[in-house]
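> If you're matching them up, the sequences are chains S and Z in order.
Take the first sequence: its position 254, counting from 1, is numbered 254 in UniProt numbering, and each next residue is one higher.
Take the second sequence: its position 530, counting from 1, is numbered 530 in UniProt numbering, and each next residue is one higher.
Since the hints were derived computationally from the structure, they do not count as laboratory data.
Take the hints with a grain of salt, since some may be wrong.
Claimed, not checked - Here are the in silico distance ranges between beta carbons for each label pair: (1) Z:Glu673 - S:Lys7: 40 to 48 angstroms; (2) S:Gly282 - Z:Asn486: 31 to 39 angstroms; (3) S:Gln146 - Z:Leu594: 37 to 45 angstroms; (4) Z:Lys428 - S:Gly282: 46 to 54 angstroms; (5) S:Arg82 - Z:Leu594: 50 to 58 angstroms; (6) S:Glu10 - Z:Glu702: 53 to 61 angstroms; (7) S:Gln146 - Z:Leu677: 38 to 46 angstroms; (8) Z:Leu646 - S:Lys7: 19 to 27 angstroms; (9) S:Asn41 - Z:Arg597: 33 to 41 angstroms; (10) S:Pro119 - Z:Lys658: 27 to 35 angstroms; (11) S:Ser64 - Z:Leu677: 22 to 30 angstroms.
Stated by the list, open to error - Cut-off 25 angstroms, straight-line C-alpha distance, at most; resulting in silico cross-link-like pairs (BS3-like, lysine-lysine): (12) Z:Lys210 - S:Lys186; (13) Z:Lys676 - S:Lys106; (14) S:Lys325 - Z:Lys658; (15) S:Lys325 - Z:Lys669; (16) Z:Lys620 - Z:Lys600; (17) S:Lys199 - Z:Lys676; (18) S:Lys224 - Z:Lys669; (19) Z:Lys669 - S:Lys186.
Note that the Cβ used here is the ideal one computed from N, Cα and C, for glycine as well.
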Amino acid sequence: MRPILMKGHERPLTFLKYNRDGDLLFSCAKDHDPTVWFADNGERLGTYRGHNGAVWTCDISRDSARLITGSADQTAKLWDVRTGTPLFTFNFDSPTRSVDFSVGDKLAVITTDPFMGLPSAIHIKRIARDPEDQSGESVLTLKGPQGRINRAVWGPLNRTIVSGGEDSVIRVWDSETGKLLKESDKEESHKKTITSLTKAVDGSHLLSGSLDKSAKLWDSRTLKLVKTYVTERPVNAVAMSPLLEHIVLGGGQDASSVTTTDHRAGKFEAKFYDKSLTEEIGGVKGHFGPINALAFNPDGRSFSSGGEDGYVRLHHFDQDYFNIKI
Amino acid sequence: MADVMSMEDLNASAARLNVDLDSLDLDSIRLPAGETFGIISDDEDLKEEEDFEFEEGFGNIIVVDNLPVVPKEKFDKLEGVVRKIYSQIGVIKEDGLWMPTDPDTQKTLGYCFIEYNTPQEAELAKEKTHGYKLDRSHIFSVNMFDDIEKFLKVPEQWAPPESKPYTPGENLQKWLMDEKARDQFVIRAGTDTEVLWNDARQSKPELVYKRSYWTESFVQWSPLGTYLATVHRQGAAVWGGATTFNRLMRYQHSQVKLIDFSPGERFLVTYSSQEPSNPRDTHRVVINIFDVRSGKLMRDFKGSADEFAIGGTGGVSGVSWPVFRWGGGREDLYFARIGKNAVSVYETETFGLIDKKSIKVENVVDFSWSPTDSILALFVPELGGGNQPARVSLVQIPSKEELRQKNLFSVSDCKLYWQSNGEYLAVKVDRYTKTKKSTYTGFELFRIKERDIPIEVLELENKNDKIIAFAWEPKGHRFAVIHGDNPRPDVSFYSMRSGTNIGRVSKLATLKGKQANALFWSPGGRFIILAGLKGFNGQLEFYNVDELETMAQAEHFMATDVEWDPTGRYCVTAVTSVHEMENGFNVWSFNGKLLYRILKDHFFQFLWRPRPQSFLTAEKEEEIAKNLKKYSKKYEAEDQDVSMLLSEQDREKRKMLKEEWARWIGEWKRLHEEEKLERQKLRDGEASDEEEEYEAKEVEVEELLDVSEEVISFD
Chain S
1 MRPILMKGHE
11 RPLTFLKYNR
21 DGDLLFSCAK
31 DHDPTVWFAD
41 NGERLGTYRG
51 HNGAVWTCDI
61 SRDSARLITG
71 SADQTAKLWD
81 VRTGTPLFTF
91 NFDSPTRSVD
101 FSVGDKLAVI
111 TTDPFMGLPS
121 AIHIKRIARD
131 PEDQSGESVL
141 TLKGPQGRIN
151 RAVWGPLNRT
161 IVSGGEDSVI
171 RVWDSETGKL
181 LKESDKEESH
191 KKTITSLTKA
201 VDGSHLLSGS
211 LDKSAKLWDS
221 RTLKLVKTYV
231 TERPVNAVAM
241 SPLLEHIVLG
251 GGQDASSVTT
261 TDHRAGKFEA
271 KFYDKSLTEE
281 IGGVKGHFGP
291 INALAFNPDG
301 RSFSSGGEDG
311 YVRLHHFDQD
321 YFNIKI
Chain Z
1 MADVMSMEDL
11 NASAARLNVD
21 LDSLDLDSIR
31 LPAGETFGII
41 SDDEDLKEEE
51 DFEFEEGFGN
61 IIVVDNLPVV
71 PKEKFDKLEG
81 VVRKIYSQIG
91 VIKEDGLWMP
101 TDPDTQKTLG
111 YCFIEYNTPQ
121 EAELAKEKTH
131 GYKLDRSHIF
141 SVNMFDDIEK
151 FLKVPEQWAP
161 PESKPYTPGE
171 NLQKWLMDEK
181 ARDQFVIRAG
191 TDTEVLWNDA
201 RQSKPELVYK
211 RSYWTESFVQ
221 WSPLGTYLAT
231 VHRQGAAVWG
241 GATTFNRLMR
251 YQHSQVKLID
261 FSPGERFLVT
271 YSSQEPSNPR
281 DTHRVVINIF
291 DVRSGKLMRD
301 FKGSADEFAI
311 GGTGGVSGVS
321 WPVFRWGGGR
331 EDLYFARIGK
341 NAVSVYETET
351 FGLIDKKSIK
361 VENVVDFSWS
371 PTDSILALFV
381 PELGGGNQPA
391 RVSLVQIPSK
401 EELRQKNLFS
411 VSDCKLYWQS
421 NGEYLAVKVD
431 RYTKTKKSTY
441 TGFELFRIKE
451 RDIPIEVLEL
461 ENKNDKIIAF
471 AWEPKGHRFA
481 VIHGDNPRPD
491 VSFYSMRSGT
501 NIGRVSKLAT
511 LKGKQANALF
521 WSPGGRFIIL
531 AGLKGFNGQL
541 EFYNVDELET
551 MAQAEHFMAT
561 DVEWDPTGRY
571 CVTAVTSVHE
581 MENGFNVWSF
591 NGKLLYRILK
601 DHFFQFLWRP
611 RPQSFLTAEK
621 EEEIAKNLKK
631 YSKKYEAEDQ
641 DVSMLLSEQD
651 REKRKMLKEE
661 WARWIGEWKR
671 LHEEEKLERQ
681 KLRDGEASDE
691 EEEYEAKEVE
701 VEELLDVSEE
711 VISFD
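Looking at chain S on its own, in the form it has when it is part of the complex (with noise of 0.2 angstroms):
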């Protein structure tokens, strides 16, 4: 089906997030505004104004009512789905770069960037369920990676937080003692910046993206390399179906020699490839920029990603994808 081209941002894109019930699609941009549309149609519904910088980042609670951004103007907002009010504000000494709420929404953790000589740390905080009662407080500061970290999701049972970033290197912590458990294998790791981590439905599997021109599946609990798929591009957003054995893989050339190219040269494609036999399956063209971010809806049967260009593409799957067979 045509896709719906949303252009609601003035800038390029950076995270892209539905919520659970999969009829809310939340977008964050460079321009300081994070939007919320219509799952379905594309419609824009809100905005949520405050943010005083580019936003890299949101998350949606299980019942749709709190949302929680990080933004490059040092701070994490949580806000009310609904009305669009901050409810919030966590002050940092430097711009946040990721949040995930845990299983239960009752804590987040939340990433920061290295910033005037100060390391990047990852930040677990208390979530209150009444806002008023909201502090903070962080409840471990964990510290250590090299560099940017560029994601940090929760574990099963958010007993471990899962990071990975600049150094390339996707790091296993224990989220009540800070204690790191794993590290995935020199080997077998990514080469290059791992730009984007995402988890399975039901968490039992991760998957990492990297600059590197690779996507690599791992086993959430144990950190064992499941699976490798190859690109040409250096992948910047990856995203899982929750209803066929797909993957998707974003990217394209750096941003920063895009204009010197043809647009053929960047192959600003999303990658479908079969999760199983990590084999390409097909591509969505469409974006003239880099794809930053991608999304499944959690029914599986639309998907949108949005690129450098500043559009967010929403494509509903033809009836032909179901069918695919390899």
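Please build the complex by placing chain Z on the supplied structure of chain S, with the hints as guidance.
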């Protein structure tokens, strides 16, 4: 060394120049390249020290022997003569000429010492005057003073050299005996150099040999594929062997930049050019010719770059490579280079000039050998503002007899194209129009093998078309031309025969508006690839010239190179590292089917291993062509087997992957199930895993809307 300024001085001069030192970022200052402002860097200190050491030795002194023995009266005269000869070559040091005399007779001793300022000058003097004939009985014998030790060590008695027992070498042509008749190629990507089999049946290459840092700049196959040459700082080396690549021979030539094999791979030419110590001088060029098998230096040529730079432009520092072009077919009999107003032809028997003389040709600018015969084609441009016409002439070697000559008028440039069997020579002639403002192009076609070498003139239908590319069909009688204007030029095919008349050129076809700028004939002829490289983004058209039809159209985005394999069965298009993205190569069948695709970052080189000429006689080849069906049966069966095996393997592999995946999924499901309660606790008892909620139930509801009874009459 510049004087070291103290901090006070620095501050003082800064104050004087009105410069605020605190606001100045010293690291940001970049001196223009080559400018030192009198500050000598540490590196150059080192270099100077080296030079200093040279001066300590006697590298700049030569010994000239076989001078006439003269009495005292004639001493000054002789000294004058010697000084005159040797000061032409370089600056003789003050008191640098010393001719000892016999203290008793006051006569000279027949030798002298000359000290130059630099060892380079001394070396040049040795090269230039060794063997110089002062008169019949006095032929100079010049040696470096430093060589004296070497001569002292010569044993008095001659001892026969020890002959080594013969050890049979490896079969260097083992690769030709591959059971599957595959071809090899070499690729260079990153620091790795790999030799691979092209296994088209399996749709993948198979590694033969891989080595990191095998070469320092590039690799090159010898023309018959026996050797792989690598280039290093100390010289060149060739590698080969039956199974792996062992080093067979080294050729010492420091700072070697370029290499070239003779067509029969008997000789290797190496080239280096050295930055002159004095920037006003030209580069110093050294060219060595080695015997490939023994590694013996057969002849060396030294001189300034200017001497080698005549004819053609470009290349390294003005020298057009190869400087020496090989002639006489595969026997490597002759090699030639172009000089000022002359073409020097050397023979490999003596490594000297034929008849000890160069062929004098005023203003010759270009020449080329016939690929099969010892015939030279020479081009002399127009002179005297058109008074003397331009000329193309064919010269037989070694007799130096002119076979044919053609004068051409108002010519701006000529290019010579030989057909690979040496049967035809095409001369592309760019002529001025009457206004002399623009040029148009025509062809002069020579039929070398016919009596008196008839020449035919061919002009394009549209005379103003620019020629973008020209290519002969290998071993054939056809040629292809891309002509017209970008972006959509036309491609025309011509034959040197017209129907039954084999003495006339005819046009076969013109393809209009093709996105092509390069032509690549299959080595077997018949098929050609019209390629649009660079500006055309890698458009490819596979064309059958026999049937005059397009077999396939394809694209290899950004392709920079097209290479046919030596048998003409496969073709490779490559994107080398001139582009940052897309590096790698595609392997196509001859009819344009993409077989496989390999991506490699920093991809530098792709070269098919050439094959030597077939040993089959022409009759045998014809017989095979006639009974192709019979011969191909065996291979078809093999193909079938391989494809069966492949699909079988593929199925197996898929099955394995699926099973393995199912195991993972099962494990994950189990763990997920185990953790279910705990998860519920985390969610404050919300009984809630997606799976359960999304369970779809089909419910059938029957609703009774209305009941009515009706009596239907029964008649």
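> Hint by hint, note whether the structure agrees.
Verification of the supplied hints:
About 44 angstroms separates the C-beta atoms of Z:Glu673 and S:Lys7, a value consistent with the hinted range of 40 to 48 angstroms. Between S:Gly282 and Z:Asn486 the beta carbon distance is about 35 angstroms. The supplied range of 31 to 39 angstroms therefore holds. For the pair S:Gln146 and Z:Leu594, the supplied restraint of 37 to 45 angstroms holds, since their beta-carbon distance comes to about 43 angstroms. For Z:Lys428 paired with S:Gly282, a C-beta distance near 48 angstroms keeps the hint of 46 to 54 angstroms intact.
Between S:Arg82 and Z:Leu594 the beta carbon distance is about 54 angstroms. The supplied range of 50 to 58 angstroms therefore holds. Distance hint check: the CB atoms of S:Glu10 and Z:Glu702 are about 57 angstroms apart, consistent with the given range 53 to 61 angstroms. One distance hint, 38 to 46 angstroms for the beta-carbon pair S:Gln146 and Z:Leu677, holds here, with the actual separation near 39 angstroms. For the pair Z:Leu646 and S:Lys7, the supplied restraint of 19 to 27 angstroms is violated, since their beta-carbon distance comes to about 48 angstroms.
The hinted range of 33 to 41 angstroms is satisfied by S:Asn41 and Z:Arg597, whose Cβ atoms lie roughly 40 angstroms apart. The supplied range of 27 to 35 angstroms is broken by S:Pro119 and Z:Lys658, whose beta-carbon atoms lie about 44 angstroms from each other. For the hinted restraint 22 to 30 angstroms between S:Ser64 and Z:Leu677, the CB-CB distance of approximately 25 angstroms keeps it satisfied. Note on Z:Lys210 and S:Lys186: the hinted pairing holds, with a Cα-Cα distance of about 24 angstroms set against a maximum of 25 angstroms.
About 18 angstroms separates the Cα atoms of Z:Lys676 and S:Lys106, which keeps this hinted pair within 25 angstroms; it holds. The suggested pairing of S:Lys325 with Z:Lys658 holds, with an alpha-carbon distance near 13 angstroms, which does not exceed 25 angstroms. Between S:Lys325 and Z:Lys669, the direct Cα distance comes to roughly 24 angstroms. Compliance with the 25 angstroms bound is thereby established for this hinted pair. For the hint linking Z:Lys620 to Z:Lys600, the alpha-carbon distance of about 42 angstroms lies beyond 25 angstroms, and the restraint is violated.
Note on S:Lys199 and Z:Lys676: the hinted pairing holds, with a Cα-Cα distance of about 17 angstroms set against a maximum of 25 angstroms. A C-alpha spacing of about 17 angstroms is found between S:Lys224 and Z:Lys669, which places the hinted pair at or below 25 angstroms, so the restraint holds. Simply put, Z:Lys669 and S:Lys186 have alpha-carbon atoms about 28 angstroms apart, too far for the 25 angstroms limit, and the pair is violated.
The structure is inconsistent with the numbered hints 8, 10, 16 and 19, although it conforms to all the rest.
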